[in-house]
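Engineer: On the provided structure of chain L, position chains U, F and P as indicated by the hints.
So the protein sequences, as listed, match chains L, U, F and P. Each residue of the first sequence is one higher than the one before, counting from 369 in our numbering. Each residue of the second sequence is one higher than the one before, counting from 2 in our numbering. Each residue of the third sequence is one higher than the one before, counting from 42 in our numbering. Each residue of the fourth sequence is one higher than the one before, counting from 912 in our numbering.
Heads up, some of the hints might be wrong.
The calculated DSS-like cross-link candidates involving lysine-lysine, where the alpha carbons are at most 25 Å apart (straight line), are [to be verified]:
(1) U:Lys431 to P:Lys1005
(2) U:Lys398 to L:Lys404
(3) P:Lys1005 to L:Lys393
(4) F:Lys376 to U:Lys262
(5) U:Lys398 to F:Lys376
(6) P:Lys945 to L:Lys404
(7) L:Lys501 to L:Lys469
(8) P:Lys1081 to U:Lys398
(9) U:Lys154 to F:Lys380
(10) F:Lys102 to U:Lys7
(11) P:Lys1005 to P:Lys945
(12) L:Lys501 to U:Lys441
(13) F:Lys105 to F:Lys62
(14) U:Lys441 to L:Lys459
These are calculated hints, taken from the structure and not from any lab test.
In case you want the letters, here they are:
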Amino acid sequence: MLSALLVMSGIAILLGAVLGFAAIKFRVEGNPLVDKIDAILPQTQCGQCSYPGCKPYATAIAAGEADINRCPPGGEEGIQKLADLLGVEFKPFGADTNAPKPKSVALIDENTCIGCTLCIQACPVDAIVGAAKQMHTIITAECTGCELCVAPCPVDCISMVVIEEKITNWKWKYPIYALTPAQ
Amino acid sequence: MTTLFKFHGGVHPPTHKAESTRTPIARMPMPAKLVIPFHQHVGNIAKPLVQAGDHVLKGQLIGLPEDGISSAIHASTSGTITEIGMQVVAHASGLPDLCATLVPDGKDEWITRSGMDFRESKNADVRQVLRLAGVVGLGGAVFPSDLKLRPGKHKVNTLILNGAECEPYITCDDMLMRERADEIIKGAEIMRWALEADEILVGIEDNKPEAIAAMRLAAQASSDNISIVAVPTLYPGGGAKQLIRVLTGIEVAAGVRSTDKGVQCFNVATAQTIYRAVRFGEPLVSRIVTVTGNVSNAQNLEVLIGTPVSDVVAYAGVLPDTDSYIMGGPMMGLPLPAASVSIVKAANCIIASSPKLFPPAPPAMPCIRCTRCAEVCPAELQPQDLYWFAKAREFGKAQEFSLFDCIECGACSYVCPSHIPLVQYYRFAKSEIWARETEKTAADAARVRFEFREQRIEREKQEKAEKLAAREKAAAEAKLAAAKIASAPAATPVSAPVDETQAKIQAAIEHARQQAAAIKPKNTEQLTPQQQAEIADIEARRARIHELASTEAESPKE
Amino acid sequence: MSAFFSPFISKPDTVSAIMLKVLLALLPGIALYVWYFGPAILVSITLASLTALATEAAMLKLRKRPVAPFLKDNSALLTAWLLALSIPPLAPWWLIVVGTAFCIAVAKHLYGGLGNNPFNPAMVGYAVLIVSFPVQMTHWVTPLGMGATELSFVQQLQYIFSGILPGGLTLDAVTMATPLDTLKTQLHLAHPANEILTQPIFSSLAGHGSEVVAIGFLIGGLYLLASKIISWHLPVAFLGTLFLVAGIFHLADPSHYVAPVFHWFSGAAMLGAFFILTDPITSPTTHKGKFIFAAGAALLTYLIRVYGAFPDGIAFATLLMNICVPLIDAYTQPKVFGKKEKKA
Amino acid sequence: MSEYLMILIGAVLVNNIVLVKILGLCPFMGVSKKLEAAIGMGAATAFVLTLGSGASYLIYHYLLAPYELTYLKTLSFIVVIAAIVQFTEMYVKKASPALYQVLGIYLPLITTNCAVLGVPLLIVQNELQYTFLKSLWFGFGNALGFTLVMVLFAGIRERLEGADVPGIFKGSAIAMVTAGLMSLAFMGFAGLVKL
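Next up, chain L with everything else stripped away, as it sits in the complex (with noise of 0.2 Å):
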């Protein structure tokens, strides 16, 4: 019983003092994964997510602390990406997550503007420039689509434009297979 007890408690003994030096070796500092996730997430900072960007959402996954499927500007393909890089299964958009819109931009109706800056205030990506008192604008280039400047205008010039396609932004369709139904 005694020798059991020794055996046992030496093998213990021995393997702890191991462990506990790899465990001084093998340290990770902070979390390379983050990175890796918010690379995959669209930077709309839309906040969809309930989170106040991309970067904390990111946060959040890595540390399992959110789902992955919590991001509506990413679409499906997003969330495949994040379930190819995590390693889990794809999870479709749940019931208190948005639905997937068609990219848009926002567009301030220039006539109406009253020059609050709210609406700059509120825009996470500095994609609309004016002052106060002067008419705002929005530059369609940096614009991500989250739509966080719709709600705060005092005046609801603010709307969101439906990105039309163009010869300079068309894609080629997937191709019509006569025999099997597109998947």
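Structural biologist: Same frame as chain L, now just chains U, F and P:
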């Protein structure tokens, strides 16, 4: 004699070239209307210089090249610009693009032109002339020629003229070489001079003996080191990369400039245009177009840029069962969205198509991995794998398997026993990958801007806090001083200006409210419950974000 | 809008025509089979064909895919014929039916049908049968003119469908083991190889009768090569490696290991080299990959034949190499145009 | 020497731990969707398995057997394996965080992987009479076999991503069918090595 090399694969589709080489090149009569797109070249769209109502002369610059890769656009004849607007153009999307509509006055009156002697000029001047003359590659790639003639880091030993014309049906280069060989050779001399190349090789497929003979005759008159080489007839031997390989043995990989390997390749028609532009100051306002297929008089026509395709095929006697038109050849050509689109600089051939001429392919069966496609692929790819990945939307894998080395020659689809539209899958995958890259760049830019903003807000907050601290300190000192004097009405003057500003803000908001009420925004009333829910949702989200942001912002202070 | 995009022209070849040519190429071998072993094989081929088509149609219906174009592609027939040729002709009717139905339903359609299956369906069918019904799978018909008693076609039919033999006959009297099986058993009993080969079941090349059938398959295979349905890499690498390995062992110890020619013309070697391994769907697509695949299959075939528990190794060797195909393909990707000399 | 070869062939092919002995299916099914992850998992398991085999042998023969404590073998083997797994986990987390994330729960689960415990238990079975070197070699062979089928399986599964698999069979179902057919193929090795 030059030793010839081989490229991997290739196919022998029926050539159908005899039909359109029976008669010499004819000049197309003046159409009633020309539609000239401003984007006929690789790169940036040209900036319109004219307005509706302007009268222009033939060869007058109407579109100015914009930044970097771009080229000029000219009026193809004299007449009146009636409209600058969006019109359907020869593009796979069938979407409209910016065009100028020109109604000819029938006089076909040239602007004043002046040629130059290139040997007396500077390289940069010649290139500027070409840029403003709108000279682009006429083989179909429409890359601005002036950029290809810019001296690079590497010495260019060999200038290659591409007269292979491997696509079935197309004969415009063949006829041009037969009839205007001397102009091509003179153009080649200019290019050789600009590139400071040692030799000129002209590659012509051996199914064009008349063209080879004409070019050999013309080359004898030149003092340059020119050899006319007959290359085996094998599609896609006329692809620039394939022709370079056949003539020199050099393989130019995708994404590599051929000049880095010491060769530069031009189409023969481009050479002729360069000669006309430099020697006579004639901008590119017309080109030779093969009109063939389901027409009674298949032939080559010299057509003004902007001529509607319907006019061109009508002139060649289009047959009644024609149901669509193809720009280019049957292997790589583009189905035209409408017969109203106009001839552009890239239009080397118009094929009138009928169900009898090009019967629709049988339904696609699954891929059985027979690798016939791999056997014929000139880029030495594994098309069956690329298809497998593109079909499953595994774009990363497709890229790993060198999707972007695919030149879309169509040889794989041509031999596929399952009749899978392979090239369509590759086009789809490529454009998806491009779109993703664009999105990625946009996302990266947004991230940078977001992070910058966060930093700025943090900094401003800090500055404000410092200022506040300083002010409080000052106030405290003042108070201390005031306490010493011990007088009571110190508070009122401080609050007065605050009230004043407060009132002003109130007034502004009131004003805005009135304004808003006056215009009656449409999107606040008659909202569907769903929209209302969405708005409420956004509001809730914002509130939460503000809360989160404020807690986060406060936490570091503590 | 219909998909009208370049290229607008294509060669008239079809999958159906390719498969038909492969079926045609099997005919010389089948004819010789009938000549030497009687017409029972035709019964199994018919049974297998009917089962294959019925299973294929049922699976297509279940998967909601168009039935007609896939039934016409002849791929199910090819699977059925290959399976029928690999199992004993006198096997009970349900054996071939079960085998064919299994390979079409599981090995082919669960993966998505034509073009998607990673394993050769016919060989899956064979492996399932030999593992599940080893007794039925080892009673082969005695070549005509060799057995003491011979069954008439009617008697064969009767046996296949009812299991009843004419009075007084046992199954062992009309069937025997294959030459490969006989050789293996006798070698186990420590008989020297050259002595074993003098028995009447063996002939100058390999087994009596079966060697000629193998030649028939060889002729069909050469036709496939000539008509460019299959590439030469697979058969050459397979037969070459088999010859090499068998040759080395034979030279080292002729009394234990028979000559390489025996291995070529016995069992399913010829059928495997030209018809089974060359299934494009389950073999690698690169030239180098084809070499590795076929050489590996040959090596495994030899090892299983000589040391393994099963009489022939083609089926298991094919399946084992099928497992490796995706990796072989991934690691033998040829360099693309213009990217060859770099990074040398 | 040939004995070592036989042990290796036996462990890798004939008695493959996954496809013939049907042990260690958890990571085999769980981490075979991507080739890279499969290679990582294979390597991690191989490391644990080899080391575990050697350590178990030593503990059994030099610690448990002399004190007649062989009834403690399962317990002590688990402890050793758990420690090695912990060590591996720390190392993987440091060396490749992405792989660490992809392996996820399966990495600590190597501890309870039946293959990893099964092989040491097989080694100390009396009938094998392996020496220390042979035990290590046997453990390595099994690890190699595990990694091999893991990688091959992942290769097939990656290819199946593009296959038109019927809806209800997508994912794990078709993977199970594939594993079954692979197992069938590995039956072909039967009899190659007499054990």
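Engineer: Taking the hints in turn, state whether each one holds.
Structural biologist: Status of the hints after comparison with the structure:
Using a Cα cut-off of 25 Å, the hinted pair Lys431 of chain U and Lys1005 of chain P is violated, with the two alpha carbons roughly 36 Å apart. For the hint linking Lys398 of chain U to Lys404 of chain L, the alpha-carbon distance of about 19 Å falls within 25 Å, and the restraint holds. Proximity of Lys1005 of chain P to Lys393 of chain L is assessed by CA-CA distance (about 9 Å); at most 25 Å being required, the pair is judged to hold. At most 25 Å may separate the alpha-carbon atoms for a hinted pair to count; Lys376 of chain F and Lys262 of chain U meet this at roughly 19 Å.
Proposed proximity of Lys398 of chain U and Lys376 of chain F is supported: the alpha carbons are some 16 Å apart, at most 25 Å. Restraint check for Lys945 of chain P and Lys404 of chain L: satisfied, since their Cα atoms lie roughly 18 Å apart, inside the 25 Å limit. Distance hint between Lys501 of chain L and Lys469 of chain L is unfulfilled; the C-alpha atoms sit about 33 Å from each other, more than 25 Å. Restraint check for Lys1081 of chain P and Lys398 of chain U: satisfied, since their Cα atoms lie roughly 20 Å apart, inside the 25 Å limit.
For the given pair, Lys154 of chain U sits about 21 Å from Lys380 of chain F by alpha-carbon distance, which is consistent with the 25 Å threshold. A hinted pair counts as satisfied when its Cα atoms are at most 25 Å apart, and Lys102 of chain F with Lys7 of chain U does not qualify at roughly 48 Å. Of the supplied pair hints, the one linking Lys1005 of chain P and Lys945 of chain P holds, its CA atoms being roughly 21 Å apart against a limit of 25 Å. Proposed proximity of Lys501 of chain L and Lys441 of chain U is contradicted: the alpha carbons are some 35 Å apart, above 25 Å.
A hinted pair counts as satisfied when its Cα atoms are at most 25 Å apart, and Lys105 of chain F with Lys62 of chain F does not qualify at roughly 29 Å. For the hint pairing Lys441 of chain U with Lys459 of chain L, the CA-to-CA distance comes to about 23 Å; that is within 25 Å, so the pair holds.
The earlier numbered hints that this structure contradicts are 1, 7, 10, 12 and 13.
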